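Undergrad: Start from chain A and add chains B, C and D according to the hints.
Chains as they are written, first to last, in UniProt numbering: chain A, 1 to 186; chain B, 1 to 186; chain C, 1 to 186; chain D, 1 to 186.
Since the hints were made in silico from the structure, they are not lab data. Just so we're clear, the structure is a prediction, and the values are computed from it rather than from any experiment. Accuracy of the hints is not assured; some may be wrong.
Claimed, not checked - Here are the in silico distance ranges between beta carbons for each label pair:
#1 V84(C) to A157(B): 42 to 48 angstroms
#2 V84(A) to E142(C): 39 to 45 angstroms
#3 V84(A) to P52(D): 22 to 28 angstroms
#4 A157(B) to V84(D): 50 to 56 angstroms
#5 T7(C) to A48(B): 33 to 39 angstroms
#6 E58(C) to V138(A): 41 to 47 angstroms
#7 A48(D) to V138(A): 22 to 28 angstroms
Stated by the list, open to error - Sample of chain A residues at the chain D side, in silico, Cβ under 7 angstroms:
#8 L42
#9 P44
#10 V47
#11 H77
#12 A79
#13 A80
#14 V84
#15 T85
#16 A88
#17 F89
#18 E92
#19 Y93
All C-beta atoms, glycine included, are put in the ideal place defined by N, C-alpha and C.
4 protein chains.
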Amino acid sequence: MPTISTTLAPELAVGDWFNTPAPLTLAALRGRPVFIHSFQLLCPGCVAQSIPQVQRIERIFGHTDLQVIGIHTAFEHHAAMSPVTLRAFLHEYRIKHPVGVDLAEEHSDTPITMQRFALRGTPSSVLIGRDGSIVHRVFGVEEDLAVGARIAMALSAHIPDDATNTSGDDGGCSGGTCEVPSRGAA
Amino acid sequence: MPTISTTLAPELAVGDWFNTPAPLTLAALRGRPVFIHSFQLLCPGCVAQSIPQVQRIERIFGHTDLQVIGIHTAFEHHAAMSPVTLRAFLHEYRIKHPVGVDLAEEHSDTPITMQRFALRGTPSSVLIGRDGSIVHRVFGVEEDLAVGARIAMALSAHIPDDATNTSGDDGGCSGGTCEVPSRGAA
Amino acid sequence: MPTISTTLAPELAVGDWFNTPAPLTLAALRGRPVFIHSFQLLCPGCVAQSIPQVQRIERIFGHTDLQVIGIHTAFEHHAAMSPVTLRAFLHEYRIKHPVGVDLAEEHSDTPITMQRFALRGTPSSVLIGRDGSIVHRVFGVEEDLAVGARIAMALSAHIPDDATNTSGDDGGCSGGTCEVPSRGAA
Amino acid sequence: MPTISTTLAPELAVGDWFNTPAPLTLAALRGRPVFIHSFQLLCPGCVAQSIPQVQRIERIFGHTDLQVIGIHTAFEHHAAMSPVTLRAFLHEYRIKHPVGVDLAEEHSDTPITMQRFALRGTPSSVLIGRDGSIVHRVFGVEEDLAVGARIAMALSAHIPDDATNTSGDDGGCSGGTCEVPSRGAA
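Chain A on its own, in the form it takes in the complex (with noise of 0.2 angstroms):
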């Protein structure tokens, strides 16, 4: 049966998790559209504007099954961004959705999920289909209009029927940047 190719998204790669009770796997999520928003707690941009359309997100689509992570990828200062600073951050800031660590790789300044979605930089978002494909990733921030059609097509999407049976599907891709050949075309 033909189908149409799509990018199936890697996997997290997250050490710390803040406000969830066990780590999330985007595995276990399939069947459920994920917006991903990438960043890093000393980003202006973040912090002015990809942060609070999260949260704006949140509450318009907080009705939906879409579930919302962000993910701390930092690539710089990294002794200023500490898990405990983070903590503090998603207090003061009152960011209630999971966020997890970015996990560090050992011999370069950008950690591993960061590297697996070929992100170029804070703030980025990625937005993951039912079936767990890639739908739209971007670095920066887009309208909202733009953010809201997107993510009301990839609610209303049909959940294929092997779509919560996914064990093994993005095995591959568990030992980092298969997905993207060429960094600096991301």
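TA: Same frame as chain A, now just chains B, C and D:
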């Protein structure tokens, strides 16, 4: 065959048109989603909030077949908001989409289209689906995320087979307030 | 006795007045600082920026003897911005300070007060000191910090001994454009 | 000789300084107006409102002898807001004026400068006159028009004859809270 009951939108009642070579009718637009913006040029909330939102809608959805229509629904200060003033207003605010002047009724301050759609005041907006039904109607300005989501859903709806053959479909509504038995409860 | 050379403000030339029981003149206001706001009701920058700033000025300096005056200096779309429309505009935008309609001149689109003060367009503002001189004149909207600083300085200025006895002081200017030899250089 | 009674500002108590080659003291700044901005890097109101205002103050009054000083008055989340994090914060937010880290006191969460000035929280600001007295002190962010007016008045004040010879003037205050008998009433 059972169908979901919907409210067919009444027809527009317009005197002068601006920014269009010919008058528009909802009947002729059947098959396309339509975003109707009801405003008054001396309404502060229209100038500060809803008109900028409509202009964002035009920009974000300009590549789709959404039709944006402004209706100048003056229900007060009639002498102050004549078509001469409206024409200059549209020029100064760079409003390029079709705008119709809601038709006055002899014995009422509220013009006819405003009555037909049971609009409570300005700004208001009405989203009409491809099948000619009212998808959403609201007094005031909603958040862009929600507006974008609704427009996306209206755009994605399948066009019913007979969508472009709608002669007479809304004839019963041409008399006015049939859809809204109690104006005060709108 | 040597004095610092200053530019005495020309007199206002106003037809209809709103929000005042009697016409205002700068001559009669000598001794008080005056903030003149030149606007047009169909000027987007006036509605979005300068009118809100003037309303902030009224609120912050309401306990002082600063006099705020609006002058409706229509230099285009004259038929669209009649006094009838202006009256409704002032009502809808909750403008409570005195507003005068700049007097039209027979052979010019630019009204007389606008010419006398050599204003380049709308919005413009003119700050007049206690001695009747022009302290500052600007086309566009300046930052509140700077505007607040200038008004504070104008308020703190000592009133010259003869400040309230100014009969004839600005007689030479009543004819019009004497202060501004070259309009184009304004 | 009778003088108007004023509240002499207490001295700053600072550990690390950033953006200055040498520590600053109010004693050494006597003769110049000083705008002190008390903030915390994880305080949302500081990031969204008061820091942008301070940067506007720097721009508008940059040609004057006003001295702007930031004091990082952390009174909560101390581990989360270390000097390492503050240094990165100042870099990312492009803060160029001198910033001092308020000195912690052994048995209090509230640091010493914050106690001396009886600040209620962050953001706060203190405007100090040329004579070293406190002109204005406020918790929260005031409107730019009012802030601009106050700074202009502080700038225009005559420098008292002995303003630059202040050795010992504020010695009585170096111990701490002498100016503010009742902290609770601040």
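Undergrad: Take the hints in turn and mark each one as holding or not.
TA: Evaluation of the provided hints:
1. V84(C) to A157(B): 42 to 48 angstroms: 45 angstroms Cβ-Cβ, so the 42 to 48 angstroms window holds.
2. V84(A) to E142(C): 39 to 45 angstroms: Taking Cβ atoms as reference, V84(A) and E142(C) lie about 44 angstroms apart, which means the hint holds.
3. V84(A) to P52(D): 22 to 28 angstroms: 27 angstroms, holds
4. A157(B) to V84(D): 50 to 56 angstroms: Given range 50 to 56 angstroms: holds, Cβ gap about 54 angstroms.
5. T7(C) to A48(B): 33 to 39 angstroms: Distance hint for T7(C), A48(B) holds at roughly 36 angstroms.
6. E58(C) to V138(A): 41 to 47 angstroms: Because 43 angstroms falls inside the window, the suggested range holds.
7. A48(D) to V138(A): 22 to 28 angstroms: Once the Cβ atoms are compared, 23 angstroms apart, the range 22 to 28 angstroms for V138(A) and A48(D) holds.
8. L42: 5 angstroms, holds
9. P44: Status holds, d = 6 angstroms.
10. V47: Holds: closest Cβ of chain D sits about 6 angstroms from V47(A), inside 7 angstroms.
11. H77: It holds, given that the least Cβ distance between H77(A) and chain D is near 4 angstroms, below 7 angstroms.
12. A79: At about 5 angstroms, which falls below the 7 angstroms cut-off, the nearest Cβ of chain D leaves the hint on A79(A) intact, so it holds.
13. A80: This interface hint holds because 4 angstroms falls under the 7 angstroms limit.
14. V84: 5 angstroms, holds
15. T85: 4 angstroms, holds
16. A88: 4 angstroms, holds
17. F89: 6 angstroms, holds
18. E92: At 5 angstroms from the nearest chain D Cβ, E92(A) passes the 7 angstroms test, so the hint holds.
19. Y93: 6 angstroms, holds
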